[in-house]
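Trainee: When you get a sec, could you build the whole thing from the sequences and use the hints?
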Amino acid sequence: MVSGQDGAARQVQYEERLVQALGADLVLVGDEVARYCRDWHGDVTTGAVAVLRPRSTEDVAAAVKACAALGLSVVPQGGNTGLVLGATPDDPARQVVISLERMARIRRIDADDFSAVVEAGCILSEFKDAVAREGMFFPLALGAQGSCRIGGNVSTNAGGINVLRYGMTRELVLGLEVVLPDGTIFDGLSTLRKDNRGIDLKQIFIGAEGTLGIVTAVSVKLTPEPDQVATALLGLNALDDAIALFRRARRDCCDLMSAFEFMPPLAFVLAHEAIPDLPMPISGDYPAYVLMEISGSGLVDINDLMERFLGAVMEEGLVADGVIASSKAQARNLWLFREGMNEGQAKRGPHLRTDISVPLSRLADFVRDAEAAVAAALPDCVNVSYGHVGDGNVHLNVLPPSDLAPEEIAARIYKAKSVINAVLDTYHGSISAEHGIGRLKRPDYDARLPEVRRKLLTALKTAIDPTLVMNPGCQLNFERNS
1 MVSGQDGAAR QVQYEERLVQ ALGADLVLVG DEVARYCRDW HGDVTTGAVA
51 VLRPRSTEDV AAAVKACAAL GLSVVPQGGN TGLVLGATPD DPARQVVISL
101 ERMARIRRID ADDFSAVVEA GCILSEFKDA VAREGMFFPL ALGAQGSCRI
151 GGNVSTNAGG INVLRYGMTR ELVLGLEVVL PDGTIFDGLS TLRKDNRGID
201 LKQIFIGAEG TLGIVTAVSV KLTPEPDQVA TALLGLNALD DAIALFRRAR
251 RDCCDLMSAF EFMPPLAFVL AHEAIPDLPM PISGDYPAYV LMEISGSGLV
301 DINDLMERFL GAVMEEGLVA DGVIASSKAQ ARNLWLFREG MNEGQAKRGP
351 HLRTDISVPL SRLADFVRDA EAAVAAALPD CVNVSYGHVG DGNVHLNVLP
401 PSDLAPEEIA ARIYKAKSVI NAVLDTYHGS ISAEHGIGRL KRPDYDARLP
451 EVRRKLLTAL KTAIDPTLVM NPGCQLNFER NS
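Residue numbering for the sequence shown follows UniProt numbering, beginning at 1 and increasing consecutively.
Rather than coming from a laboratory, the hints here were simulated on the basis of the structure.
One should not assume that every hint holds.
Stated by the list, open to error - Lysine to any residue pairs mimicking SDA-like chemistry, simulated, CA-CA at most 25 angstroms apart:
{"#": "1", "residue 1": "Lys417", "residue 2": "Leu460"}
{"#": "2", "residue 1": "Lys455", "residue 2": "Arg442"}
{"#": "3", "residue 1": "Lys194", "residue 2": "Ile106"}
{"#": "4", "residue 1": "Lys65", "residue 2": "Ile204"}
{"#": "5", "residue 1": "Lys347", "residue 2": "Asp425"}
{"#": "6", "residue 1": "Lys415", "residue 2": "Gly42"}
{"#": "7", "residue 1": "Lys65", "residue 2": "Asp369"}
{"#": "8", "residue 1": "Lys65", "residue 2": "Val33"}
{"#": "9", "residue 1": "Lys415", "residue 2": "Arg348"}
{"#": "10", "residue 1": "Lys65", "residue 2": "Val29"}
Said to hold, decoys possible - Simulated restraints on C-beta separations:
{"#": "11", "residue 1": "Leu192", "residue 2": "Gly146", "range": "30 to 40 angstroms"}
{"#": "12", "residue 1": "Asp240", "residue 2": "Leu192", "range": "41 to 51 angstroms"}
{"#": "13", "residue 1": "Glu126", "residue 2": "Thr45", "range": "20 to 30 angstroms"}
{"#": "14", "residue 1": "Asp380", "residue 2": "Ser297", "range": "48 to 58 angstroms"}
{"#": "15", "residue 1": "Thr426", "residue 2": "Asp110", "range": "18 to 28 angstroms"}
{"#": "16", "residue 1": "Asp403", "residue 2": "Val12", "range": "56 to 66 angstroms"}
Backbone N, C-alpha and C define an ideal beta-carbon position, used for all residues, glycine too.
Mentor: Structure follows, in structure tokens:
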């Protein structure tokens with residue numbers, strides 16, 4: 001065991017060696033480290049030897065080499081908006097956070113090529129705004145887009161509200177620049193759409209959560225910016241109707257549908273707890289709601305398409321009531337119910353947040369079964385189920401009574417997770433649809449990992465990172481090669 005005095009001396013030595021190798025400008029120590037060691041929700045606070053803030057890819061390479069030379073591992077961090085502790089250190093005496101926040105340049109926007117090259121530390125909303133000024137559109141859209149950074153989006157293969165039309169982050173990436181665990185720089189920043197020269201190496205880093213290397217820059221696909229958007233909030237008589245409605249919308253609206261979200265009636269209550277003056281556009285008494293958006297450019301009249309579509313499905317009884325936003329402000333208010341629902345849950349205190357996917361055709365059945373199982377096991381808790389109908393992604397959250405003692409709340413959260421995962425296993429679903437694994441979901445992921453997949457992942461990790469420098473403890477625990 002290392003004594004407190006020995007630990008303090010070692011900390012000072014690490015700090016001095018890092019400053020010597022990288023310069024004082026790149027190294028944060030002491031009290032300045034704290035904000036990088038707290039997760040997004042503030043549920044977990046840890047520590048780190050130091051925080052390194054490189055300004056260039058070469059700085060990142062030097063930082064990785066310096067940490068490896070000292071026997072320290074690194075935890076890459078973008079905007080620190082993740083929800084599964086993937087960028088939160090868990091070994092304060094042996095880990096260094098490498099923050100990409102200073103690497104925020106947009107290297108190139110090429111409207112003729114429908115592509116851009118951007119550094120990993122660029123905030124997503126700032127990149128989207130810069131692209132829009134060139135008349136283009138980057139479709140990745142997240143609730144945290146004012147804080148999250150491109151490198152983190154890539155490393156977690158982020159989803160968001162536009163997955164239905166444009167796919168996950170993986171589908172938007174053309175190339176990557178990555179610093180490998182030995183400090184080597186992998187330059188794969190191609191903007192080619194078609195390149196069939198063997199294995200597509202960029203794919204192993206997308207969604208790896210910094211366990212195989214640090215993404216420092218990304219080349220991405222752009223599309224023309226939609227000049228028409230139609231947003232509608234619809235009241236349904238049953239969640240099953242949302243599945244039928246989605247199937248019909250895919251047929252009638254072709255590939256113009258960019259969002260199709262389902263929400264419970266409780267969404268309006270929660271949203272008003274967070275945003276009290278949010279105007280109520282339709283009755284809040286329907287069993288289920290859908291927030292639908294279609295968008296496009298050019299010759300298609302998007303509003304007319306939405307009106308004709310809703311007229312047809314309301315006549316058939318698939319939709320009981322609905323409203324189409326008549327302005328950008330009203331459309332924003334409709335989306336605020338979706339966003340405010342999350343804020344309202346946070347105001348109620350600690351709760352279980354899930355990120356589940358099931359086959360689309362079984363989404364309504366899963367929600368019914370899982371909610372019933374939670375209600376039977378934890379009758380004093382509240383279920384809040386919502387998500388992305390088009391890709392089978394359900395966020396089934398469970399809110400314990402806020403007046404319970406912290407240990408009782410923790411016990412209910414643990415029980416709810418176990419109950420939901422047991423139901424999920426019968427549906428052959430995934431415990432992570434878009435948030436990743438991180439450290440939070442590692443035990444559940446590890447327990448469900450088929451042996452062949454485990455062997456492949458272990459072979460990949462130990463081949464690229466044999467000394468386990470990169471984000472150890474994230475996704476899986478590996479043993480160091482001898």
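Trainee: All hints are to be evaluated individually against the structure, with a verdict given for each.
Mentor: Each hint tested on the structure:
Among the hinted pairs, lysine 417 with leucine 460 is inconsistent with the structure: their alpha-carbon atoms are about 30 angstroms apart, more than 25 angstroms. Between lysine 455 and arginine 442 the CA atoms are separated by roughly 16 angstroms; this keeps the pair inside 25 angstroms, and the hint holds. Simply put, lysine 194 and isoleucine 106 have alpha-carbon atoms about 23 angstroms apart, close enough for the 25 angstroms limit, and the pair holds. Only pairs whose Cα atoms come within 25 angstroms are accepted, and lysine 65 paired with isoleucine 204 is accepted, the gap being roughly 22 angstroms.
Distance check on the hinted pair: lysine 347 and aspartate 425 sit about 31 angstroms apart at the alpha-carbon level, beyond 25 angstroms; violated. Pair hint lysine 415 plus glycine 42 holds up; C-alpha atoms about 22 angstroms apart against a cutoff of 25 angstroms. Annotation: proposed proximity of lysine 65 to aspartate 369 is violated, straight-line Cα distance about 50 angstroms (limit 25 angstroms). Only pairs whose Cα atoms come within 25 angstroms are accepted, and lysine 65 paired with valine 33 is accepted, the gap being roughly 20 angstroms.
Distance restraint check for lysine 415 and arginine 348: the Cα-Cα separation of roughly 19 angstroms lies within the 25 angstroms cut-off, and the hinted pair is therefore satisfied. Taking the CA atoms of lysine 65 and valine 29, the gap is about 19 angstroms. The hint holds against a cut of 25 angstroms. Taking 30 to 40 angstroms as the suggested C-beta distance range, the pair leucine 192 and glycine 146 conforms, at roughly 31 angstroms. Remark: the range hint 41 to 51 angstroms for aspartate 240 to leucine 192 is upheld by a beta-carbon distance near 44 angstroms.
Roughly 28 angstroms separates the CB atoms of glutamate 126 and threonine 45, a value that falls within the hinted 20 to 30 angstroms. The given range of 48 to 58 angstroms is respected by aspartate 380 and serine 297, whose C-beta atoms sit roughly 50 angstroms from each other. With their beta carbons about 48 angstroms apart, threonine 426 and aspartate 110 fall outside the hinted range of 18 to 28 angstroms. Separation of aspartate 403 from valine 12 is about 46 angstroms and departs from the stated range, judged on CB atoms against 56 to 66 angstroms.
The structure fails to meet hints 1, 5, 7, 15, 16 from the earlier list, while all remaining hints are met.
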